[in-house]
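There are 2 protein chains.
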Amino acid sequence: MKKIDMIVKSDHFYTMTGEGVGYKTGVAMAIDKGRIIAMENESEILGEYSAEEMLDLKGKAIFPGFIDAHMHTGYGIMRGLAQDTNFWMMYGLGPFNNVVTEEERNSGSKLAIIEAIKAGTTTLGDYEYNMDIVSSFIDKLGARGNLTQLIREAVERVYAPGEIYEFNPEKGEKSLQEALDLYDKWHNKADGRIKILFGPQGADFLSEELLLKIQRIAKERNTKIHMHTQQGDRETYQVVKRYGKRPVAYLKDIGYLDETLMAVHLTDANDEEAKVVARSGASMILCPGSIGIIDGIVPPSVAFQEAGGNVALGSDQAPGNNCHNIINEMKLAALFNKIKYQNPEIMPAYKALRMATIEGARAIGLGDDIGSLEVGKKADFIAIDLRKPSMLPIYTKPMRNMVPNLVYSARGDEVFLSVVDGKIIYRDGKILNIDEDEIINHVSRYPESIGERASKEFFEINGTNAIFMKEEKL
Amino acid sequence: MKKIDMIVKSDHFYTMTGEGVGYKTGVAMAIDKGRIIAMENESEILGEYSAEEMLDLKGKAIFPGFIDAHMHTGYGIMRGLAQDTNFWMMYGLGPFNNVVTEEERNSGSKLAIIEAIKAGTTTLGDYEYNMDIVSSFIDKLGARGNLTQLIREAVERVYAPGEIYEFNPEKGEKSLQEALDLYDKWHNKADGRIKILFGPQGADFLSEELLLKIQRIAKERNTKIHMHTQQGDRETYQVVKRYGKRPVAYLKDIGYLDETLMAVHLTDANDEEAKVVARSGASMILCPGSIGIIDGIVPPSVAFQEAGGNVALGSDQAPGNNCHNIINEMKLAALFNKIKYQNPEIMPAYKALRMATIEGARAIGLGDDIGSLEVGKKADFIAIDLRKPSMLPIYTKPMRNMVPNLVYSARGDEVFLSVVDGKIIYRDGKILNIDEDEIINHVSRYPESIGERASKEFFEINGTNAIFMKEEKL
Numbered sequence: 051m052k053k054i055d056m057i058v059k060s061d062h063f064y065t066m067t068g069e070g071v072g073y074k075t076g077v078a079m080a081i082d083k084g085r086i087i088a089m090e091n092e093s094e095i096l097g098e099y100s101a102e103e104m105l106d107l108k109g110k111a112i113f114p115g116f117i118d119a120h121m122h123t124g125y126g127i128m129r130g131l132a133q134d135t136n137f138w139m140m141y142g143l144g145p146f147n148n149v150v151t152e153e154e155r156n157s158g159s160k161l162a163i164i165e166a167i168k169a170g171t172t173t174l175g176d177y178e179y180n181m182d183i184v185s186s187f188i189d190k191l192g193a194r195g196n197l198t199q200l201i202r203e204a205v206e207r208v209y210a211p212g213e214i215y216e217f218n219p220e221k222g223e224k225s226l227q228e229a230l231d232l233y234d235k236w237h238n239k240a241d242g243r244i245k246i247l248f249g250p251q252g253a254d255f256l257s258e259e260l261l262l263k264i265q266r267i268a269k270e271r272n273t274k275i276h277m278h279t280q281q282g283d284r285e286t287y288q289v290v291k292r293y294g295k296r297p298v299a300y301l302k303d304i305g306y307l308d309e310t311l312m313a314v315h316l317t318d319a320n321d322e323e324a325k326v327v328a329r330s331g332a333s334m335i336l337c338p339g340s341i342g343i344i345d346g347i348v349p350p351s352v353a354f355q356e357a358g359g360n361v362a363l364g365s366d367q368a369p370g371n372n373c374h375n376i377i378n379e380m381k382l383a384a385l386f387n388k389i390k391y392q393n394p395e396i397m398p399a400y401k402a403l404r405m406a407t408i409e410g411a412r413a414i415g416l417g418d419d420i421g422s423l424e425v426g427k428k429a430d431f432i433a434i435d436l437r438k439p440s441m442l443p444i445y446t447k448p449m450r451n452m453v454p455n456l457v458y459s460a461r462g463d464e465v466f467l468s469v470v471d472g473k474i475i476y477r478d479g480k481i482l483n484i485d486e487d488e489i490i491n492h493v494s495r496y497p498e499s500i501g502e503r504a505s506k507e508f509f510e511i512n513g514t515n516a517i518f519m520k521e522e523k524l
Numbered sequence: 051m052k053k054i055d056m057i058v059k060s061d062h063f064y065t066m067t068g069e070g071v072g073y074k075t076g077v078a079m080a081i082d083k084g085r086i087i088a089m090e091n092e093s094e095i096l097g098e099y100s101a102e103e104m105l106d107l108k109g110k111a112i113f114p115g116f117i118d119a120h121m122h123t124g125y126g127i128m129r130g131l132a133q134d135t136n137f138w139m140m141y142g143l144g145p146f147n148n149v150v151t152e153e154e155r156n157s158g159s160k161l162a163i164i165e166a167i168k169a170g171t172t173t174l175g176d177y178e179y180n181m182d183i184v185s186s187f188i189d190k191l192g193a194r195g196n197l198t199q200l201i202r203e204a205v206e207r208v209y210a211p212g213e214i215y216e217f218n219p220e221k222g223e224k225s226l227q228e229a230l231d232l233y234d235k236w237h238n239k240a241d242g243r244i245k246i247l248f249g250p251q252g253a254d255f256l257s258e259e260l261l262l263k264i265q266r267i268a269k270e271r272n273t274k275i276h277m278h279t280q281q282g283d284r285e286t287y288q289v290v291k292r293y294g295k296r297p298v299a300y301l302k303d304i305g306y307l308d309e310t311l312m313a314v315h316l317t318d319a320n321d322e323e324a325k326v327v328a329r330s331g332a333s334m335i336l337c338p339g340s341i342g343i344i345d346g347i348v349p350p351s352v353a354f355q356e357a358g359g360n361v362a363l364g365s366d367q368a369p370g371n372n373c374h375n376i377i378n379e380m381k382l383a384a385l386f387n388k389i390k391y392q393n394p395e396i397m398p399a400y401k402a403l404r405m406a407t408i409e410g411a412r413a414i415g416l417g418d419d420i421g422s423l424e425v426g427k428k429a430d431f432i433a434i435d436l437r438k439p440s441m442l443p444i445y446t447k448p449m450r451n452m453v454p455n456l457v458y459s460a461r462g463d464e465v466f467l468s469v470v471d472g473k474i475i476y477r478d479g480k481i482l483n484i485d486e487d488e489i490i491n492h493v494s495r496y497p498e499s500i501g502e503r504a505s506k507e508f509f510e511i512n513g514t515n516a517i518f519m520k521e522e523k524l
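As you go down the protein sequences, you meet chains A and B in turn.
Quick note, my numbering runs 50 ahead of the 1-based positions in the first sequence.
Quick note, my numbering runs 50 ahead of the 1-based positions in the second sequence.
Warning: the hint list may mix true and false statements.
For identical chains, the list gives no copy identity; a pair is met inside one copy or between any two copies.
What the hints assert, rightly or not - The calculated EDC-like cross-link candidates involving lysine to aspartate or glutamate, where the alpha carbons are at most 16 Å apart (straight line), are: (1) 108 to 309; (2) 473 to 435; (3) 59 to 424; (4) 190 to 241; (5) 325 to 309; (6) 59 to 90; (7) 302 to 322; (8) 295 to 308; (9) 447 to 507; (10) 447 to 502; (11) 302 to 258; (12) 83 to 419.
Hint data in this document are derived by calculation from the structure and do not stem from the laboratory.
With these hints in hand, go ahead and build the complete structure from the sequences.
Quick look at the structure:
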């Protein structure tokens, strides 16, 4: 008998291989040195291997760990402060975002990340300025990070309506250098669990020169560009005014649309523009919850997929989403498109699940390593508790109902166990490698002080939420 | 000191009084004989009363118990079997619904009800044929039921395309008699926790004569009519063909639109029709999740409210929703309307919360007793755990974020405790008065046999889910 690290027994493996969900029963999964080394009949596996850890997950269903491809975890410190308003960023987020310190953001990041883990996310696609701290935390957790330090050249100041952003090449270079430092420090570290991508904030925030320089750097390093792309009418306005073209056309013309690019949001892209991006080989990250809440828009992911593109899901940010729960994003991706097209068949559960697993993995450049359960891939998986009322009753014939119930009914607490690189990081409500209580106590220290600092501007701006406070609607 | 049943201490009471959310802090709530007898400064309450049960809910936020106004709990046995398809009822539900027994439906009801309780629902608006069993179960649970036995006159057989339903007056009378028997047996029973309403299945399923007879009966008994109203193009077709008018116009002409009516769905009603119903004094029940999944439609609740009508929320049925989680319905009511109107302000969190509490209570005829926390009302409330990551961090100044986080971020497991009529029925994951494990074991017995009975028709019809099974997409 060959001695290995782990054997997983379950009646239901959703491997996500093939074009569907790759369901297998009667099999067991053998794991060694962080990778899946065999998935065969249970009796064969048990005959061939003995394992350090025998995980008996009968009564659970096994899925690849979920991928949350686009998160601003630092905004976790401002959860619930900016929804239900027009001009989300200026009138909702502004008064708080202007006063929150780096320490506070880091605390918010930890909160957002534990929330995501507890709902089955194993790969976190964070996208912000504090990625060194986030990398350390993800390393400690044992989770997987696909992390991007933001790069920005535009000066951060108040602009007059219609004014074009001022670029400061020095700021841009400094910002790029920080990203390079992060890359050198963390890329492929933590046993390869952490990858560093390059993150120009958007075509409106950097000069063409700096955009192209970043592209060269990313290609040389064989990593990806993670960029907000035609994310809203503000970006469209800036790019049209500066270059005379809409963002997708501009990016196409400068050679930015290719397999290196992960295009986030495409909120303001029409179907044709989405297809142009998809056909280039670039991928899309769809954040249905946040774009639904802050803009009331369903981005063109269906057109993107029709043109052959891969789409990943993202939970974006907590001031207006307001959660980092990828099950929620699967559900909303499916439901919002049913409504957009008034067609209940346009986006079935399995497609949403693929976006959170194998299609998502391909979209973020990790398709060879994660997103499905097959021999040679990393052992990133979760177990869904089939005894929770939201999953019951379980049918296997004439049809299985576990996937639709996971996508449309599950809440998050059905996630019983999470494994990354063959190591358990979450089990039965508990995150193993960190002290959740300590993180919660820590993040709870800040709101009073942030609130005090934000209060004056909050009431001066007198946005929807200020009015709601006066009208006792909060 | 006056001896009473219960005192509730918390830093955050969302009383839902006034036009907003009626937030109070620094107060405690005194409860005796199932009703709220005082809500004043905590020190005054503690000075004036001593309680059998002192509930210290610091670190929790108190809300009125949620109202789920429209549920077909019996369909709980078929969760996840009918979504992602056109012609939901015929091609999705049909093969299963045709073979499920009464015993199996009753088991499904219990599953659906415990699921709802565990996500904060305290008042259950079930609407089906097995209401005697449901009444007993709700009595035992200690929950509140606003229950409706379906009444139907149309013969259940296969109709040719375009054929008008055949009415059988004998069937109709028998069906009405069963509803009357249920009323006599259960109305105002279980310490008044159970109310019985009358439930004609829809304007297409009963003759005008029987509809009007039911209306007289309901009015004599001062209870409500709970009826699918313009719920889809099939109903519209039937009513137009039979009476030459669309359902809302027909119901208006026969005098059916008034404060006795709870109009469910209005899926096929336009804004003008919704306003006609609202202005009549009738209420609306909006089931965003199920109508979104099965039809891809957002019903006209915004127009209904603009015209002054009260709207309650419902989780409908589990074969295509797929859950009975009223937090999910609050979220979807808000998000779907933001998308429908491409306006993030159209349906803020507090409005969704009002539909699940005070507005919902008014809509279902219980506005004098439940839906808000005020002196004289029944003590139906829940406590939301503010230590769960999805609710954190908690801000109180310059704005409170608990309501948006409850509506947009909470999953369901934030519900820490539920009280109905002053008695705890749910606490820390456990339903107190029944054995949840027994119910789960029981419901798990049936799928194999149901699947066997349904299999032939399932593959003959060859609907989307049959194709998905062949294509390994489930």
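A quick look at each hint next to the structure:
1. Taking identical chains as interchangeable, the C-alpha atoms of residue 108 and residue 309 are never at most 16 Å apart, the minima being 40 Å within one chain and 52 Å between chains.
2. Proximity of residue 473 and residue 435 under a CA criterion of 16 Å is satisfied in neither setting, with 19 Å inside one chain copy and 30 Å between copies.
3. Proximity of residue 59 to residue 424 under the C-alpha cut-off of 16 Å is restricted to the intra-copy arrangement: shortest distance 15 Å within a copy versus 53 Å between copies.
4. For a Cα distance limit of 16 Å, the shortest separation of residue 190 from residue 241 inside one copy, 12 Å, qualifies, whereas the shortest one across copies, 54 Å, does not.
5. When the C-alpha separation of residue 325 and residue 309 is checked against a cutoff of 16 Å, the pair qualifies only within one copy, where the shortest distance is 14 Å, while the shortest distance between copies is 51 Å.
6. Taking identical chains as interchangeable, the C-alpha atoms of residue 59 and residue 90 lie at most 16 Å apart only when both belong to the same chain, with a minimum of 11 Å there against 56 Å between chains.
7. Taking the closest pair of Cα atoms, residue 302 and residue 322 come within 16 Å of each other only inside a single copy of the chain (13 Å); across copies the shortest separation is 46 Å, beyond that limit.
8. In this assembly of identical chains, residue 295 and residue 308 lie within 16 Å of each other by CA distance neither inside one copy nor across copies; the values are 19 Å within and 56 Å between.
9. For the homomeric pair residue 447 and residue 507, the shortest alpha-carbon distance between copies (12 Å) is at most 16 Å, but the shortest distance inside one copy (59 Å) is not.
10. Taking CA atoms no more than 16 Å apart as the test, residue 447 paired with residue 502 passes between copies only; the shortest distance there is 7 Å, against 58 Å inside one copy.
11. Taking identical chains as interchangeable, the C-alpha atoms of residue 302 and residue 258 lie at most 16 Å apart only when both belong to the same chain, with a minimum of 12 Å there against 64 Å between chains.
12. In this assembly of identical chains, the alpha carbons of residue 83 and residue 419 lie at most 16 Å apart only when taken from the same copy (14 Å versus 61 Å across copies).
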